[in-house]
Amino acid sequence: MQTEALLHAPEAATQPTLVVERLKAYYTTKAFGIDRDIRAVDDISLTVAKGEIYGIAGESSSGKTSLIKTIVGAIRPPLHVVDGTVRFNFGGQSYNIYDLKPDKLQAIRWRHLSYIMQGSMNVLNPVRRIRHSFYDFAFAHMGLDSATFWDKVRDHLRRLDLDPGVLDSYPHQLSGGMRQRTTIALATVCTPEFIVADEPTTALDVIVQRDVLAMLRDIQRDLGSSFLFVTHDMSVHATVSDRVGIVYAGRLVEEADTPTLFRGARHPYTQHLVASLPKIGDTTRRASLPGRPPSLAEPPSGCRFHPRCPLAMDICSKEVPPMTNLTPRHRVACFAVSGATP
Amino acid sequence: MFTIIRDLIRYNIEFAIGLAILLLLIGAVILSFFSPYPAADIYVVPPDMPPDAEFWFGTTSRGQDNFWQLVIALRNTFAFGLAVAFLSRILSLVVGLTAGYAGGRVDRVLMAINDSIMVIPHFPILVLFYFVLKDEMNWLMLVLILSALGWSYDARLIRSIAMSLRTRPFTTQSVYSGMSMRKILVEEHLPYVMPIVFATTMNNMIWSIGMEITLSVLGFTDVDTPTMGQIIYWANSHSALISGIWWWVAAPVVAIIVLFIGLFLLSMSMNEYIDPRSRLNRMGS
Amino acid sequence: MIFVARRFGQLLLVVFLGISATFFISHMTPVDPVAESITAITNFGKSDPEAIALMRKTLTELYGLQGNLFEQYVTFWSRLIRGDFGPSLSAFPTPVSQIIFRALPWTVGLMISATLISFLLGNTLGALAGYYRKSRILKILSLGLIGLQPIPYYVLAFILLILFGFVWPVLPITGGYEMNADLTLSFTLILDIIRHSILPAMALVLVGAGSWLTGMRALTSNIVTEDYVTFAELGGVGSTRILRSYVVRNAIVPQLTGLAMSLGAIFNGTVITEIVFGYPGIGTLLINAVHAGDYSLVLGLASLSIIGVAIAVFLIDILSPLLDPRIKAE
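These protein sequence lines map, in sequence, to chains A, B and C. Under numbering that gives the first Met the number 0, the first residue of the first sequence is numbered 0, with each subsequent residue one higher. Under numbering that gives the first Met the number 0, the first residue of the second sequence is numbered 0, with each subsequent residue one higher. Under numbering that gives the first Met the number 0, the first residue of the third sequence is numbered 0, with each subsequent residue one higher.
There could be a bad hint or two in this list.
Claimed, not checked - Listed next, with one range per pair, are the computed distances between beta-carbon atoms:
no., chain 1, residue 1, chain 2, residue 2, range
1, C, S77, B, S163, 43 to 53 Å
2, B, S163, C, R132, 45 to 55 Å
3, B, S163, A, Y97, 55 to 65 Å
4, C, G146, A, G91, 50 to 60 Å
5, B, G177, A, R130, 28 to 38 Å
6, C, L321, A, D221, 36 to 46 Å
7, B, V222, C, A50, 13 to 23 Å
Hints listed in this document are in silico derivations from the structure and should not be mistaken for laboratory results. The beta carbon of each residue, even a glycine, is placed where N, CA and C say it ideally should be.
Required output: the full structure, derived from the provided sequences and hints.
Set out below in structure tokens:
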């Protein structure tokens, strides 16, 4: 089985921090007599080892955000889980997200599992000072008295190169970059074992981007946390992620260690994504893929990429290609590449 | 337009009920044209008769058939409400659109005036008008005055829509492609503005009819044209409740409540339909 | 501070426009207050023409009616600023301001208490209904209050009057206190006053709460989808805290703006309800003044209503920056 294959890798000598199995989550809408199922997450399985940065890549509306929202259990109707399991392992305990009672789930939030949301513009309460957010999110989990707590918070901020004075500001008084870094500080103050970051550097200028990425790498090194890092920007994955999984139209199509993925991608879609990165000195033309990303409400049959795929065969429009291992740490879902016939 | 109404009827029960009520009342209004007694005549039937087969809603102390009085009153009230709504829509559209599109100083000046009118309490002003005009306070005057008072809230709503439309990409595109401003306004933007206008029309009618009823009950309007408030006025002046002629009061009160609930349901369901976020909510949960 | 200054400017504009309008409207009257007063005075017997001429001159000056329209306008304003509205026609020569100030506390008291109760009630229920969307009780309560919303103040007050006055006469339906009450300040007097206020307040609250509820519920349902609420939920913050600190704190500012905008309507409602219940406030005073043809009293009441409401709006407006720090930045 694929998960067993991953467990043979050296870093995963201990239990993987996250195990996702055959996850399916759909948006179901019923309005004016029309029923619609938008298959945002359609049968995805992956694992993240302890201390690993797992990157998720894919274009906009490929289902990436729905995927991670489902993984942390932050879904709201009309999005709901149709099938599959999500299991976290921290501190020797195993937590099945969708089996937990709400208060248990609340207890592991932030202390063990934190989330950096997409777009730093509006994630902090606009009518209260930032220190209130720190209090609301972290105080209960840390179990410290007030003075020690605030000392720790200030230390944490200083270590991340932030002025502790931000605590007294309102969110709108900070620049976009400052706000994002403060949000990251907030997400890491309880030293959680698992951090989900959704496009943390999008909408920031390149200089700030570099600082934020450096910050994230430092945190990962200091705390040993695992990361689930989502971005459509492949160059960011090249810098930060240990392993990358490519999502297309709600499905995982390829997954490999970063060097392997960038130098030896096998799935046609991944190859295209990697090739689209500009390189200094390289003046070859970039061609875009024909067609457009599929609608998740009426996805193509079989392999969802087949209408745009240069390697498409007959079987691709009829059957869904399963994720097969090319090597123990490189999986692909493509009939042409894996040569697998069901 | 019709598909919208059809969808609303089928899936939004509040709209369906509201529409049904309104159609019922409009039916009553049409019926009023067939009234056997002229509106202002009194003592044409035996007074103070309780409701029975011959006089469905009973008769009043002034010798009028309560049923026919009621439907005629309904017609007048409706006409009144529609007139005020129509006139004040014009005002709110003109002010709202101008302020929203022109922006800058024009917007500030218009809004300053707008807010002033919004804040001024209407009732004392209306009483003052009545006091000053006494017998010359006919229906036309009242329509004009209420139209002049009731446009400010809706002007603000229209203005905010105009402001958001102005900055949308498709507007700049139209401007760049050479469409005249007037053409843009009428062909591109009006479809966005119309639903709000419909919803606010209902609200405006609720407000103006409410005002009319209040003024009529106090005897501050022309007492010869029967309207809903008028009936209650006459009932009060003949001490109907104490004399036990409850049907004289009950009929208009019930009719008023039904009318208002109908208008309100329509306005509320229309509002909900327009707001895209509430639409998503309905779809999801 | 610029914010406060700008709001104050708006206040001045409202007062200016409103009072000017009142002035010009009142001068459309066919009633000549001087002639009326003289008729009233001379009814008791004959007076010689010189005395009448003197009276006419004095009265004209008293009513601020000397000179042409513009001079009258200026006189009007100068007296208004000093709080002088002239003498009342029906209660001559009691100054209008005195009569008004006797009735004012009743209206203010009723309006403030009813508004506060309906604002708190409506918004609390609305926030709960918007956040806990599945609760059946909340849905029923909401439906009830919203259903009452479109009914005009007069009609609801009237219905309450019938219900509690005739059908189930447990509450007093007229006046502010019992007619033969002992007016020294005592506990029984206060209780009496409260008893008499229940029905008018109830009418106001029942009609008003519904609109707060719908507004707050809509705001809450929208805010709940905002990023900072989702983030707080991801952060494991408890739902009561989220409701209080993240949702309501953000929703209350537009509601306050809404309160400022609807104060005019609330005032109307209060005045109308007073009339139904014969409550001794501005409403009843206004009606009596109209019936008595008391020109200066009606004018004074209209002017004062405008000023009062405008000031109240101003006060509420300057509250908003305290709650929403982003406003200060403008």
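Now the hints, each set against the structure:
Roughly 46 Å separates the CB atoms of C:S77 and B:S163, a value that falls within the hinted 43 to 53 Å. Taking 45 to 55 Å as the suggested C-beta distance range, the pair B:S163 and C:R132 does not conform, at roughly 27 Å. Here the CB-CB span from B:S163 to A:Y97 is close to 40 Å, at odds with the stated 55 to 65 Å. Against the hinted window of 50 to 60 Å, the Cβ-Cβ separation of C:G146 and A:G91 comes to about 56 Å, which satisfies the hint.
Hint check: B:G177 to A:R130, Cβ distance near 54 Å, so the stated range 28 to 38 Å is violated. C:L321 and A:D221 have their C-beta atoms about 41 Å apart, which keeps the hinted 36 to 46 Å range intact. The beta-carbon spacing between B:V222 and C:A50, approximately 40 Å, falls outside the hinted interval of 13 to 23 Å.
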